[in-house]
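Novice: For reference, the chains in residue letters:
There are 2 protein chains.
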Amino acid sequence: MEEEKGLAIGVDLGGTNIKGGVVNLQGQVLKRMSSQTKAQEGPERVLDQIARLVQKLKGEGKIEGLGVGCPGLVEPTLGIVRDPPNLKGWKEVKVKGELEERLGLQVEVANDVNAAALGELHFGAGRGVKDFICLTLGTGVGGGLILDGRLFTGSRGAAGEIGHLPVNIFGPRCRCGNYGCLERYVGAEYITERAQAKLKDNPQSLLSPLNRGGRLTPKLIAEAAQRGDDLAKEVFQETGEIIGAALSGVVNLLNPELIIVGGGVAQAGELIFGPMRKALPKRAMSEDIQRVRVVPALLGKDAGLIGSASLILKP
Amino acid sequence: MEEEKGLAIGVDLGGTNIKGGVVNLQGQVLKRMSSQTKAQEGPERVLDQIARLVQKLKGEGKIEGLGVGCPGLVEPTLGIVRDPPNLKGWKEVKVKGELEERLGLQVEVANDVNAAALGELHFGAGRGVKDFICLTLGTGVGGGLILDGRLFTGSRGAAGEIGHLPVNIFGPRCRCGNYGCLERYVGAEYITERAQAKLKDNPQSLLSPLNRGGRLTPKLIAEAAQRGDDLAKEVFQETGEIIGAALSGVVNLLNPELIIVGGGVAQAGELIFGPMRKALPKRAMSEDIQRVRVVPALLGKDAGLIGSASLILKP
Chain A
1 MEEEKGLAIG
11 VDLGGTNIKG
21 GVVNLQGQVL
31 KRMSSQTKAQ
41 EGPERVLDQI
51 ARLVQKLKGE
61 GKIEGLGVGC
71 PGLVEPTLGI
81 VRDPPNLKGW
91 KEVKVKGELE
101 ERLGLQVEVA
111 NDVNAAALGE
121 LHFGAGRGVK
131 DFICLTLGTG
141 VGGGLILDGR
151 LFTGSRGAAG
161 EIGHLPVNIF
171 GPRCRCGNYG
181 CLERYVGAEY
191 ITERAQAKLK
201 DNPQSLLSPL
211 NRGGRLTPKL
221 IAEAAQRGDD
231 LAKEVFQETG
241 EIIGAALSGV
251 VNLLNPELII
261 VGGGVAQAGE
271 LIFGPMRKAL
281 PKRAMSEDIQ
291 RVRVVPALLG
301 KDAGLIGSAS
311 LILKP
Chain B
1 MEEEKGLAIG
11 VDLGGTNIKG
21 GVVNLQGQVL
31 KRMSSQTKAQ
41 EGPERVLDQI
51 ARLVQKLKGE
61 GKIEGLGVGC
71 PGLVEPTLGI
81 VRDPPNLKGW
91 KEVKVKGELE
101 ERLGLQVEVA
111 NDVNAAALGE
121 LHFGAGRGVK
131 DFICLTLGTG
141 VGGGLILDGR
151 LFTGSRGAAG
161 EIGHLPVNIF
171 GPRCRCGNYG
181 CLERYVGAEY
191 ITERAQAKLK
201 DNPQSLLSPL
211 NRGGRLTPKL
221 IAEAAQRGDD
231 LAKEVFQETG
241 EIIGAALSGV
251 VNLLNPELII
261 VGGGVAQAGE
271 LIFGPMRKAL
281 PKRAMSEDIQ
291 RVRVVPALLG
301 KDAGLIGSAS
311 LILKP
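Residue numbers (our numbering), protein chains in the order written: chain A, 1 to 315; chain B, 1 to 315.
No lab work stands behind these hints: they were computed from the structure.
Among the clues, some could well be false.
[To be verified] If you want the footprint, here are the derived chain A segments under chain B, 3+ residues with CB under 8 angstroms:
(1) 139–149
(2) 153–160
(3) 168–178
(4) 243–252
(5) 276–285
[Unchecked claim] In the BS3-like style, the derived pairs of lysine-lysine whose C-alpha atoms are separated by at most 27 angstroms in a straight line are:
(6) A:K282 <-> B:K88
(7) A:K130 <-> B:K94
(8) B:K278 <-> A:K91
Glycine included, C-beta positions come from ideal geometry on N, C-alpha and C.
When you get a sec, could you build the whole thing from the sequences and use the hints?
Specialist: Shown next, in the form of structure tokens:
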């Protein structure tokens with residue numbers, strides 16, 4: 001490894017785990033490590049954890065710098081992270097400054113979904129595409145925008161929150177304080193809720209025993225759908241339609257060439273991509289806008305890590 | 001006029017009128033002319049009309065070029081206009097090529113609302129602002145995006161259609177084919193419809209006699225509101241709230257610094273700006289996003305004309 005030029009370390013900081021890796025100019029992860037995030041011990045401690053992880057990954061090798069993908073709002077120039085949802089007590093943390101001091105390396109910081117979008121741009125499904133949207137479907141619904149070939153972060157680094165685009169301004173309250181956000185309809189727990197509501201009238205569904213055990217998740221619903229369970233199929237049909245409808249607004253607004261969809265819930269594959277792909281062009285405004293393609297993310301669980309490294313490798 | 005350098009002609013092509021003007025580098029309209037659009041006689045004829053108007057405006061003076069703002073979808077590089085809503089029979093018209101041939105001048109073409117956004121950027125309420133959104137409220141609801149200091153038109157020139165962002169994907173059908181678009185709730189005729197629905201239970205409203213004459217418009221509703229009519233005030237209150245709610249999605253997605261609102265319906269002023277400004281930050285996601293300012297457009301009816309000229313003056 002020591003001989004290779006153009007290496008960077010990417011770190012994907014999550015509420016549960018810190019994942020780090022050495023990434024080369026081809027976007028390959030040459031070496032990887034992770035540790036549990038000691039979130040409850042406060043930002044200083046977590047920054048120490050990251051620094052230690054980076055030191056170990058680096059070893060004796062030469063590294064161009066460190067990219068960090070964080071949840072929450074990231075001010076990109078100063079590398080300040082604000083109110084990350086899964087890191088309690090992180091009001092405002094100078095991730096860039098603190099880590100540069102600890103490590104003597106160049107450090108760049110981005111929101112985790114934005115980092116993933118950058119990863120897809122350089123090494124994934126978005127290679128060569130000037131305007132695309134990344135959507136991640138999981139507990140939360142996140143987004144990243146690549147516009148004119150660059151990550152677009154808006155006036156204060158907060159752009160990309162597709163999950164908090166209302167699909168129904170008269171709808172139920174979202175945890176963000178708004179009403180009827182996309183996340184409030186298709187975030188993992190709301191997919192599960194939709195299944196549970198349907199189970200009342202369909203006790204014969206494969207999902208019934210799982211629900212009694214309180215173990216229902218989108219993953220299990222997808223498995224049941226793949227085994228032919230009608231209720232489970234209906235849940236994904238509706239979920240995909242809602243996402244497609246929401247995306248019709250985004251494509252009318254931004255006219256991208258491509259939409260890249262990743263995250264745990266997107267693992268349901270055709271179950272969710274099918275109805276999404278069908279609803280989107282039906283609702284989008286003009287032929288030119290309807291030409292948008294919808295594809296799965298290519299980098300999978302490494303998107304955050306590789307994308308973070310590309311903050312350094314492909315600035 | 002002949003002595004001044006840096007002059008361009010801007011043309012605002014509408015379904016009813018063609019407005020043209022000579023614009024200088026300060027965004028001032030030095031000379032103006034207009035003629036009725038002979039839309040029913042086809043694109044060739046209308047292009048001839050534009051050419052004649054430009055010849056007259058130009059006179060013996062020196063002109064850098066011609067900018068044309070058109071309704072509908074504009075492919076900006078080739079200057080091709082597709083399916084403009086108010087110009088029947090315009091399937092696909094090579095406005096740039098045709099006019100360059102007729103006039104021997106450089107010609108640039110943009111969607112009319114995009115041109116207005118560009119006008120506001122260079123000469124209006126958006127001066128010095130890197131990321132802002134233009135919203136025009138009228139019969140249709142249009143939009144233009146200035147991102148990273150430049151007009152953003154998306155992969156095929158169709159970006160900016162804020163009017164066709166669904167505010168309720170389960171809502172009524174919009175003329176664009178989608179459901180529950182912003183325009184379907186706050187386009188002029190739907191504002192009038194809302195007033196009419198309320199009149200059934202409020203015959204004492206100042207609007208009643210106007211409605212019996214079938215003459216109700218947002219302008220008259222605004223006048224009644226300014227004279228203290230409760231029903232009329234309520235109509236604008238609701239309209240502003242819906243727009244604010246829709247914009248909460250746009251700001252969560254794009255995190256702009258500023259929103260500029262123009263168009264006939266925006267003339268209602270505080271009646272509509274008030275509730276819009278109140279609803280938006282209440283719903284927008286984070287403090288940083290909530291800092292967005294909402295201001296009236298500065299260029300008024302000249303926005304299209306000045307903005308079109310700025311396609312040449314400030315490329």
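Novice: None of the hints should be skipped; say for each whether it holds.
Specialist: Evaluated hints:
1. 139–149: holds (count 4)
2. 153–160: holds (count 8)
3. 168–178: holds (count 7)
4. 243–252: holds (count 6)
5. 276–285: Three-residue rule met by the region 276–285 of chain A, so holds; n is 4.
6. A:K282 <-> B:K88: holds, 23 angstroms
7. A:K130 <-> B:K94: At roughly 25 angstroms apart (the allowed maximum being 27 angstroms), K94 (chain B) and K130 (chain A) satisfy the hint.
8. B:K278 <-> A:K91: Answer holds: K278 (chain B) to K91 (chain A) is near 26 angstroms, not above 27 angstroms.
Violation of the numbered hints given earlier is absent; every hint is satisfied by the structure.
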